[in-house]
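Using the hints, position chain B against chain A.
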Amino acid sequence: MEENINLACTPLIAKHKKLGAKLAPFGGWLMPIQYSGIIEEHNWARTNAGLFDICHMGEFTIEADLTKSNLGDLLTVNLNSMSDGSCRYGFMLNEKGGIIDDLVVYRISEFQWMMVVNAATTNTDEAHLRKYLNSATHIENISTYLGKLDLQGPESGNVLKGLVGEDLQLKYYTFGYFNLLGEKIIISRTGYTGELGYELYMPNKKIIELWDKILTDKLVRPVGLGARDTLRLEIGYSLYGQDIDKNTTPLEAGLEYFIDWGKEFMGKAALKKEKDAGLPKKMISFASGSRRSPRHNYHIVHKGEDIGSVTSGSFSPSLGVGIGMGYVSREVKVGELVDLVEGSVTINAKVVSKPFYKKGSVKCEGLKK
Amino acid sequence: MNIPDNLFYTKDHEWVKIDGDNAKFGITDFAQSSLGDITFIDLPKIGVKVKQSGLYATVESVKAASDVYAPLSGELLKINDELVNHPELVNKSPYESGWFSIIKISDAAEKDKLMTPEEYKNYVEGLSK
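So the protein lines, in turn, are chains A and B. All residue numbers for the first sequence refer to this note's numbering, where the first residue is 1 and numbers rise by one. All residue numbers for the second sequence refer to this note's numbering, where the first residue is 1 and numbers rise by one.
It cannot be assumed that every hint is accurate.
Here are the computed lysine to aspartate or glutamate pairs in the EDC-like style, where the Cα-Cα straight-line distance is at most 20 Å [what the hints assert, rightly or not]:
| # | chain 1 | residue 1 | chain 2 | residue 2 |
| --- | --- | --- | --- | --- |
| 1 | A | LYS22 | B | GLU88 |
| 2 | A | LYS22 | B | GLU125 |
| 3 | A | LYS263 | A | ASP276 |
| 4 | A | LYS68 | A | GLU166 |
| 5 | A | LYS17 | A | GLU209 |
| 6 | B | LYS49 | B | ASP81 |
| 7 | A | LYS273 | A | ASP73 |
| 8 | B | LYS121 | B | ASP42 |
| 9 | A | LYS213 | A | GLU166 |
| 10 | B | LYS92 | A | GLU40 |
| 11 | A | LYS22 | B | ASP81 |
| 12 | B | LYS24 | B | ASP81 |
The calculated label-pair distances, taken between Cβ atoms and stated as ranges, are [stated by the list, open to error]:
| # | chain 1 | residue 1 | chain 2 | residue 2 | range |
| --- | --- | --- | --- | --- | --- |
| 13 | A | GLU336 | B | THR58 | 22 to 30 Å |
| 14 | B | ASP81 | A | GLU166 | 49 to 57 Å |
| 15 | A | GLY304 | B | LYS121 | 45 to 53 Å |
| 16 | B | GLU75 | A | GLY304 | 31 to 39 Å |
| 17 | A | ALA127 | B | LYS45 | 51 to 59 Å |
| 18 | B | MET1 | A | TYR145 | 36 to 44 Å |
| 19 | B | SER53 | A | GLU209 | 28 to 36 Å |
| 20 | B | GLY126 | A | SER329 | 26 to 34 Å |
Calculated from the structure, these hints are not laboratory results. Just so you know, even glycine gets a beta-carbon here, dropped at the ideal spot from N, CA and C.
So that you can see chain B by itself, here it is in the shape it has in the complex:
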């Protein structure tokens, strides 16, 4: 299971890359592997304000549709347009070309609720026991 050291994580299997006031989101290797082949992703529009742990996107795999929750609160600055026609990028490269969106963080204190790579690794190992 690939869990990069430079990211933060949520219990809903999203990753967050903090870059100053901005944060980049995606779903983890564990999430893409559990979902299987991803066939469609519905992301909110640029400018939309999302809330930490609030419903923010839908990911469809061959078998099912799943909800994705925002790891932090903020305003959407950018979304990954490539995912419209190539949702399989999330399976192939969940942490790089399969990123979902970038937000401007509205409440920096929320970062405390995120998991470190070590904490997330333990969390995932606990799930598969």
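Chain A extracted, bound-state conformation:
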């Protein structure tokens, strides 16, 4: 496998190989795409608990006193309104309003923050932050030190209760410190699947031990990036580098909800201008009437005119039909018909609202009995 020579590996690579995983490059890393099969792993995460190796993602710790630091000016997230132990999703934008990265900010204390970013963008994010942050801000890239495992699915809370010895009692988008394997680690109730789920930040030196320990629970099975992609797409979550990038804005991507217009941030003027002038393109979601599935780059045709292209498309294991999303240059309303076209293939689809899959346990109260 010569093409894999320049790829990074997580500490779990030998575990994945032993489990018989199919490996493929993702964001500069050699990652497990599937173990037993994408559909089986997908369904397992929707009904039990799936364990994901997410060690490739980047983490920064940031010391910033918001009265002196300009950290908030680089993010669409309103840091001032966050409380200790809360997380918030948002963006780092360039001057044009384009998305440098989508990320989750953790407020550890008034002066301490953690930022979790995409694997492929970790280095450009760091360079951007170092270029613009003032001297009242101290940033450290801890990605090579810190590992991350995601445990996602309706049973994930019960599994963690058994592991930690107590009910975590975390509300959606909050986190806490918990003792596990002799370390005090951050566990947040966050994820990328639409199910009740948690992200565990463990130093890399103990990641293998944590992986093995979680997998001793019979309700847990490993899930690869293939099913991670179908799980996130069924909820309508964007994938950086595919659905959003530096040439798309959060407004175009339909993610205005995560913009706080009441504060200043880099890219705000451009977004404001775009909002006033009208968007040149807008993300829509569609579901096909059959098992035939739209794919990345298929043309979106509306009333005979090519109006855009598919950014993400896949078979939806939960719904049994093809689903996808993509940008279009004119307004198309929910319920309208579009064709997804590539060569001789034409897929009839209907524009739908997100999420595609509406039965996820993501915001459930308490643990499943």
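The following block gives chain B in isolation, referenced to the frame of chain A:
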């Protein structure tokens, strides 16, 4: 890797079962394993004439859509209707219930271009090196 002795093969990972003037097609165990979970199969209609190595069907897995080429030239006599609602049969049983179609062979000489089980086994082993 399951490679039955009684079949012929192509470098595009289709199998062929010759039965007199007719030939039954499908994709190999190696092909289904490489594709992963198969979610949709588009087969030509009965009566359509296919050409050896010509595009003949599309197989979609969760991750991607792939082309399938006809192993021999001929006219389609039968297709496996079960695959419309149960494409996963190709993953579960690529050589039996996951068959694709049966054709009436139009040029028997084309059989010489097919691989024997032994040749196909060597070919697949060469790919995974």
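Range agreement (Cβ of LYS121(B) with Cβ of GLY304(A), hint 45 to 53 Å):
Given a distance of about 50 Å, which is inside 45 to 53 Å, the answer is holds.
Given the hinted pair LYS68(A) and GLU166(A), is their alpha-carbon gap at most 20 Å?
39 Å, violated
Is LYS22(A) close enough to ASP81(B), meaning Cα to Cα at most 20 Å?
31 Å, violated
Distance restraint evaluation - GLY126(B), SER329(A), Cβ atoms, bounds 26 to 34 Å
The hint (26 to 34 Å, Cβ to Cβ) is violated, given that GLY126(B) and SER329(A) are roughly 47 Å apart.
Does the beta carbon distance between MET1(B) and TYR145(A) stay inside 36 to 44 Å, or does it fall outside?
Distance hint for MET1(B), TYR145(A) holds at roughly 41 Å.
Check the following: the C-beta atoms of SER53(B) and GLU209(A) are separated by a distance inside 28 to 36 Å.
53 Å, violated
Can the restraint linking LYS17(A) and GLU209(A) be considered satisfied, given a maximum Cα separation of 20 Å?
16 Å, holds
Does the Cβ distance between ASP81(B) and GLU166(A) fall inside 49 to 57 Å?
55 Å, holds
Against the 20 Å threshold, does the CA-CA distance of LYS49(B) and ASP81(B) hold or violate the hint?
18 Å, holds
Take a look at whether the Cβ-Cβ distance between GLU75(B) and GLY304(A) falls inside 31 to 39 Å.
For GLY304(A) against GLU75(B), whose Cβ atoms are near 35 Å apart, the range 31 to 39 Å holds.
Please work out if LYS24(B) and ASP81(B) have their alpha carbons no farther apart than 20 Å.
Since the Cα atoms of LYS24(B) and ASP81(B) sit roughly 14 Å apart, the hinted pair holds (cutoff 20 Å).
20 Å limit on alpha-carbon distance, applied to hinted pair LYS22(A) and GLU125(B):
Status holds; Cα separation ~17 Å.
Consistency note: the structure conflicts with the earlier hints numbered 4, 8, 11, 19, 20.
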